[in-house]
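Q: Under the working numbering, the residues of the sequence shown are numbered 7 to 140, in order.
Keep in mind the hints are simulated off the structure, nothing from the lab. Note that the structure is predicted; figures quoted are calculated from it, not measured. Do not take every clue at face value.
[As the list claims (entries may be wrong)] Label-pair distances were calculated between CB atoms; the ranges are:
{"id": "1", "residue 1": "Glu127", "residue 2": "Ala22", "range": "27 to 37 Å"}
{"id": "2", "residue 1": "Ala22", "residue 2": "Gly55", "range": "38 to 48 Å"}
{"id": "3", "residue 1": "His107", "residue 2": "Val28", "range": "11 to 21 Å"}
[Said to hold, decoys possible] The calculated lysine to aspartate or glutamate pairs, modelled on DMTMM-like cross-linking and capped at a C-alpha distance of 25 Å, are:
{"id": "4", "residue 1": "Lys56", "residue 2": "Glu70"}
{"id": "5", "residue 1": "Lys56", "residue 2": "Glu69"}
{"id": "6", "residue 1": "Lys56", "residue 2": "Glu68"}
{"id": "7", "residue 1": "Lys56", "residue 2": "Glu30"}
Using N, Cα and C, we set each Cβ at its ideal position, and we do this for glycine too.
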Amino acid sequence: MTPNLVYIVVIGVLFAAGVSMVLERSLTRVLMGMILLGNGVNLLILLGGKAGTPPIVGLGPEEEMADPLPQIMILTAIVITLGMTAFLLALAYRSWAMSGHDEVQDDVEDRRIMQLAERDEGSGTDDTDHEATP
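Throw the hints in and build the complete structure from the sequences for me.
A: Pasting the structure below:
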């Protein structure tokens, strides 16, 4: 299949929208972003194959047969995307049932590590340049 500009733009939009949604704090948006990324990957794999007759021996010459590998990879990607969707949907539902929202909160330990890193940057000390003093 020869890639045309429409396919390339659609794949780019799916990837861009998917990545921007995955970076959100809401698990529902992360779920939608993963679905968009999965669809973008499926279209990208589809462009990797060549169009032709069905890959069944005896229906046509071998030179005109379509490559079955991209089709198999797309089916595998659909199954993986379905599994990720089910997992993220269960995670979002569990978060909503326990806290009433699906926002991912900052971890207390992450905040403490960020404060320590900011304090180390402000003091100008570097842990890698310490020399042993007698």
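Q: So which hints don't hold here, by number, going up?
A: 2, 7
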